[in-house]
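Build the full structure now, drawing on both the sequences and the hints.
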Amino acid sequence: MPVDSQNMSVQLIGQYLARLVDKQKIARNTQLAYERDLYHFFHWLKPYQLEITNVDAQCINRYLMWRTLQGFKKSSSARSVSSLKRFYRYLVIESIVDLNPCINISPPKKDQNIKPVLSVLQVQRILDAPNVSGALGVRDKAMLELLYATGLKISELLAIEVHDLDLKCSILHCNNNDTVKRLVPFGGKAHQAILEYLSSARIELLAGNISTSLFLNRRGRAMSRQAFWYRIKHYAMQMFDDENINALITAQNLRRAFAVHMLENGSDVQLVQYMMGHKEMTSTQQYKVTSS
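Residue numbers (the numbering used here): 401 to 692.
Don't read these hints as lab results, they were simulated from the structure.
Among the clues, some could well be false.
Stated by the list, open to error - Beta-carbon label-pair distances, calculated as ranges:
| id | residue 1 | residue 2 | range |
| --- | --- | --- | --- |
| 1 | 469 | 495 | 29 to 37 Å |
| 2 | 650 | 569 | 27 to 35 Å |
| 3 | 473 | 588 | 44 to 52 Å |
| 4 | 645 | 493 | 48 to 56 Å |
| 5 | 469 | 665 | 38 to 46 Å |
| 6 | 582 | 634 | 28 to 36 Å |
| 7 | 639 | 432 | 40 to 48 Å |
| 8 | 583 | 644 | 32 to 40 Å |
| 9 | 570 | 611 | 21 to 29 Å |
| 10 | 429 | 665 | 42 to 50 Å |
| 11 | 670 | 432 | 37 to 45 Å |
| 12 | 470 | 429 | 21 to 29 Å |
A virtual CB, placed ideally from N, CA and C, is assigned to each residue, including glycine.
Here it is, written out as structure tokens:
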């Protein structure tokens with residue numbers, strides 16, 4: 401590659417990065433990531449005597465293949481494709497090149513990071529952990545049973561009001577504004593735990609106050625996310641000595657366990673999608689991969 405061409409490529413990269421900082425106000429770390437990606441590609445082109453303004457899709461694909469052979473992570477190459485697409489889009493807008501060579505390039509699919517899932521036995525130990533001789537234990541039992549029976553988000557669980565429950569039909573009206581409004585069924589164990597909570601423990605926690613929230617703290621107010629997190633961790637430490645298992649005991653992982661166990665038992669993926677409030681099927685299919 402002639403020296404003048406090299407200088408022009410360096411100049412174009414510099415101009416593009418300066419524009420990002422000036423116009424889009426990108427963070428310093430983002431700027432450095434773009435800079436690394438673009439200069440890495442620029443240096444890869446040198447042995448082929450190619451200018452950065454004179455590459456095509458075949459060249460980009462060769463570069464990605466080279467990265468694969470060199471052992472680069474797929475996530476790194478995916479970010480590189482994104483950086484190059486943005487850079488060449490800028491060159492097209494500035495009429496420096498006619499076409500974006502990355503326009504039809506798909507980034508490498510990232511390696512799936514399959515997280516460990518709580519087993520049915522581990523979940524059952526957590527569900528059985530609360531001491532139901534007191535109001536707080538009865539409340540916690542109801543919360544945990546309902547969480548695992550429905551796959552609700554923690555925000556949805558804490559937002560439930562008493563009138564959202566149809567105990568006759570074992571149906572929960574989930575009206576969280578962040579997700580799809582839906583009617584979520586729950587099973588017999590959750591139903592029984594909620595009945596026991598409503599018949600005594602909630603009345604005790606309410607202590608004459610007025611609240612429409614289903615799950616209350618010891619002061620008769622709606623449970624907070626932090627308070628529920630502490631309760632779950634309390635039961636995790638009580639039931640398991642293994643720190644790795646303790647780390648898995650979270651509201652989110654009970655939701656994940658619900659989805660994986662449902663799919664393992666043959667439930668239709670569309671049903672699980674509906675119950676979890678996923679707008680996209682792909683969000684639910686990740687649990688199918690985990691369960692297979």
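Quick rundown of the hints versus the structure:
1. 469 with 495: 29 to 37 Å: 35 Å, holds
2. 650 with 569: 27 to 35 Å: With a Cβ separation near 30 Å, residue 650 and residue 569 satisfy 27 to 35 Å, so the hint holds.
3. 473 with 588: 44 to 52 Å: 46 Å, holds
4. 645 with 493: 48 to 56 Å: Taking Cβ atoms as reference, residue 645 and residue 493 lie about 53 Å apart, which means the hint holds.
5. 469 with 665: 38 to 46 Å: 42 Å, holds
6. 582 with 634: 28 to 36 Å: Since residue 582 and residue 634 have Cβ atoms about 31 Å apart, the given range 28 to 36 Å holds.
7. 639 with 432: 40 to 48 Å: At 45 Å between Cβs, range holds.
8. 583 with 644: 32 to 40 Å: 37 Å Cβ-Cβ, so the 32 to 40 Å window holds.
9. 570 with 611: 21 to 29 Å: With Cβ atoms ~23 Å apart, the hint holds.
10. 429 with 665: 42 to 50 Å: 44 Å, holds
11. 670 with 432: 37 to 45 Å: 43 Å, holds
12. 470 with 429: 21 to 29 Å: Hint holds: Cβ distance 24 Å, inside 21 to 29 Å.
Violation of the numbered hints given earlier is absent; every hint is satisfied by the structure.
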